[in-house]
Structures are given as structure tokens and as C-alpha cells.
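*Asks:* As a plain string of letters, each chain reads:
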Amino acid sequence: MTSTVRTGGAQAPSAPEFPMPRAEGCPFDPPPALKKEQEQGPLRKVRLWDGSTPWLVTRYADQRALLADPRTSADITRPGYPSSAPVRGSSFSFILMDDPEHARQRRMVTAPFTIKRVEAMRPAVQKIVDGLIDDMLAGPPRADLVQAFALPVPSLVICELLGVPYADHDFFQENSKILISRSAAPEERGAAHAKLIGYLDELMGHKIARPADDLLSGLGTRVGAGELSRREAAETGVLLLIAGHETTANMIALGTLALLEHPDQLALLRDSDDPKAVAGAVEELLRYLNITHGGRRRVAVEDIEIGGEVIRAGEGIIVPNDIGNRDPEVFADPDRLDLGRDARRHVAFGFGVHQCLGQPLARMELQVVYSTLYRRIPTLRLDAGLEDLSFKHDGAVYGVYELPVAW
Amino acid sequence: MKVTLDQDKCVASGQCVVAADDVFDQDDDGIAVLLDPTPPSDRAEDVEQAAAVCPALAIRIQG
Chain Y
5 MTSTVRTGGA QAPSAPEFPM PRAEGCPFDP PPALKKEQEQ GPLRKVRLWD GSTPWLVTRY
65 ADQRALLADP RTSADITRPG YPSSAPVRGS SFSFILMDDP EHARQRRMVT APFTIKRVEA
125 MRPAVQKIVD GLIDDMLAGP PRADLVQAFA LPVPSLVICE LLGVPYADHD FFQENSKILI
185 SRSAAPEERG AAHAKLIGYL DELMGHKIAR PADDLLSGLG TRVGAGELSR REAAETGVLL
245 LIAGHETTAN MIALGTLALL EHPDQLALLR DSDDPKAVAG AVEELLRYLN ITHGGRRRVA
305 VEDIEIGGEV IRAGEGIIVP NDIGNRDPEV FADPDRLDLG RDARRHVAFG FGVHQCLGQP
365 LARMELQVVY STLYRRIPTL RLDAGLEDLS FKHDGAVYGV YELPVAW
Chain X
519 MKVTLDQDKC VASGQCVVAA DDVFDQDDDG IAVLLDPTPP SDRAEDVEQA AAVCPALAIR
579 IQG
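For the protein sequence lines, the chains are Y and X, in the order given. The opening residue of the first sequence carries number 5 in my numbering; numbering runs sequentially from there. The opening residue of the second sequence carries number 519 in my numbering; numbering runs sequentially from there.
Heads up, none of these hints are tricks.
In silico lysine-lysine, BS3-like type, Cα no more than 27 Å apart, as pairs:
#, chain 1, residue 1, chain 2, residue 2
1, Y, Lys-131, Y, Lys-120
2, Y, Lys-131, Y, Lys-280
3, Y, Lys-181, Y, Lys-199
4, Y, Lys-120, X, Lys-527
5, Y, Lys-120, Y, Lys-280
6, Y, Lys-120, X, Lys-520
Pairwise CB distance ranges (calculated):
#, chain 1, residue 1, chain 2, residue 2, range
7, X, Asp-526, Y, Gly-228, 23 to 33 Å
8, Y, Pro-36, X, Glu-566, 30 to 40 Å
9, X, Gln-580, Y, Ala-69, 20 to 30 Å
10, Y, Arg-75, X, Asp-526, 11 to 21 Å
FYI, nobody ran anything at the bench for these hints, they're computed from the structure. The C-beta atom is built at its ideal place from N, Cα and C for all residues, glycine as well.
Can you build the whole structure from these sequences, using the hints too?
*Replies:* Set out below in C-alpha cells:
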């Protein structure tokens, strides 16, 4: 061997597998091996399930720059895209598309998520939260917080917003869970996706026939006008339904667990009357927990230089926002949960044109939940050992499967 | 302080409104609207926050 051509980073042959395991007993922290990559350099290589070796962008500033860089593509069908599992089917929602089609479809569903319209929903969300807490307090003094509270809150809210009957929640929660599970077989995930698409398509039929004042009816009108195919409308419906309940539910349950494990921080939230302090606490919990832990996926469409190294056109890129949010260059003492810090610049919702569309709704729901639950049930405690809990290591969205609590 | 907003880039995240609702608003579809292109200097911190959290890099500040 006389020469070495750098076609993908010097460490490529020994690139570590991604995703990496979290440390036993540290359910809130990113995998130690992932943090080590961050210490070693801004641009690393990792190995995926299919043997491909995409780049790993480890630092906050580079993560933001890259996710906002139009020389990257989110198109899952593009060669080099570092998918987390075998790519099935030919129809995808707009989160896996590039502009201008991505922007065209995204703008069709942004209206209900404006700050004003989300704020207008706050009293209704407060009522849902209070009602579920009333139910908990009326029964025996223990519950699985996931089933009794964390899942119903966002499911009820997104059903109302989309116009999906809440009575169907068992069906869509079950299939969503399979669809985003890394451990489910590809056929299983395909079947769950098909069921959800079929369900949304049928619902779309009803909305087209009898439009109501909800988001799906709005999409139905677009279908009627020829701006969107019925399949595209169903894909968007599935995306919003899943994103609307899974993510927030996990933030509620995992956030509560993190606070129960940090009683001094829980006390700050419980004893505060200041909406600004509550909003700040939500931002810090979003930063600290960063539940979408699979890394944002992109592929370079042109050469991109980062820190003296070049990502070549066609190479895959993974942006693990969980370690971006623990970058010591940006957040002092980053592994400490500190509800008093200014965490508003976190990247838990991603960055760039694909950044979470539902973030104003998620924030409002979490503000209502975190400012109500611990105040109304001040004796809330974990009814199991931390080591007995089972965490969603295999899911696209991290969290806890069950959270036994008592009061 | 002079603020410019590129509405074509905006992705309707609404974060500028959260940061400085006297300087930014949203239209019915969520696209940001600049209410005050020359906010007073005591608004600098919040306007800078708005520019920093804009995921589409649609907000620029001069001076």
C-alpha cells in the first residue's frame, strides 16, 4: 500500500456502530460513546445497519449550519441517504422531501400552529389536563402515568385539531408505536403504516363529504381543488397524528421522571407562578431530554466543508441533536438539568426548513402540563425503582414505556 | 437597529413571535410579518434572540 485516499475520513474502517447504547443507570444522558465522538472532533464517521458509513456532525454550531444548508437533502430516495432501516414504499410525507415540494405541502398545514391559534387553545388544553388529573385523584392513589395522563393529553389535543375521533385512540396509538419502533420487523412496520394510511384515507373521505372546522377537512378541500392527491393528504395526516401524540407524550412522562429524580428542580416548577419561568423550564427539559434521539438524516448534494474536512456530494450525514444540546461550548455544565438556565437556543426540534412544525403546540401543552401536574399532586412520587423501568431505546422517539407513580 | 425579514424563507415556526411579539407577528398561514423594521435599542436582546432561533435564517439585523 503506497497511498491513502481520503474518501470518507481516516477512521472509516473502524467507524463505530450507530445508534449507540446509553449507559446503564443514566436514562437521561446520550450514549457515552456518542459523547466521546463529540470530544474527538466535529466530523466523525459511523457505521449503520447496512454497512454504510455516513458522517456524524457532533457539534452544536455545525449541526445548525448543516441543517440550514440548502446543499443538504432530506430526500429519503436519494442515493447515499443514511436511512435508519430499509426504505419501503414509494410514498412519503413531506418531512422526507426537499423544497420546493416540501415547502408547498408544509405550508398547507401551518395555519393551526401559529402562536395566536395555539394560545387560543390553551384554556381547552388546561381543561383536558385538569380533567385527567381529576380522574386520577378520584381513583386509587397510584397509576401508570403514561396511560392515565401522558398519552391521553396530546392524543386528545391532536384529535381535536385534526378532526380524528378520539375513540379510535387505541388503534392509532398501537400502530404508531409499531411504525416508529426500530425493533419491529420491516414487514410489521409496513403493515402498521398501511393500516394508518387506510384509516386516514377513509377519514379523508368523510371530511371531503362533510367538511368540519378541522385540519383534515382543510386538506380535503385541497384534494378537491387538485392541489394535493388523496394519498399525499393521508400521508400528511399520519405524520401529524403520530408527531402530535408520541413526542409530547414522551416528553410528559420522561420529563416527569427526570423531575422526580431532581426534586430540587421539581420544586422550582411547582412553586413558580411565573409563566416565563415555566416556559424556560420547558425549554430546558426539551434540551436535556432531546427525545428524538435517532439523529436527523441528510445527504449532501454538493461538497460541503466543515472544520477543514469535506463532505462529498452523495455522502450521508447524521446530525445527533442530543449531543448538540449537550455541547459544552454552548451550554455550560451541559449534563446538569438546570431549569433556571436560558436553554431557548436548543436544537431539540431540529433546525433548518424541516424544524418541527408543531413546536408551538408542543410547548404550550408542556407548559400547561408541567405547571399543573406537580402543583395539583404535590406528593407525586415514583412507584418503582429507576432500574425497574423500561426505556424506549428502540424507538425513533425516546421515552419510558410505563411510569408507575403514586401519591 | 435595522431588521429585515425574508418571508420566502420563513417556515412558520413562530419562534420570532415568542421572542419579540412587538416586532414580529404571523399571517394566517404562520408566515412571519415584520411589525417594526427599526425597533428601539432596548429591544435588541429579544430581536437578536428571534434571529438566533429562526430555523430558516430568515431574519437579519444591521447596526
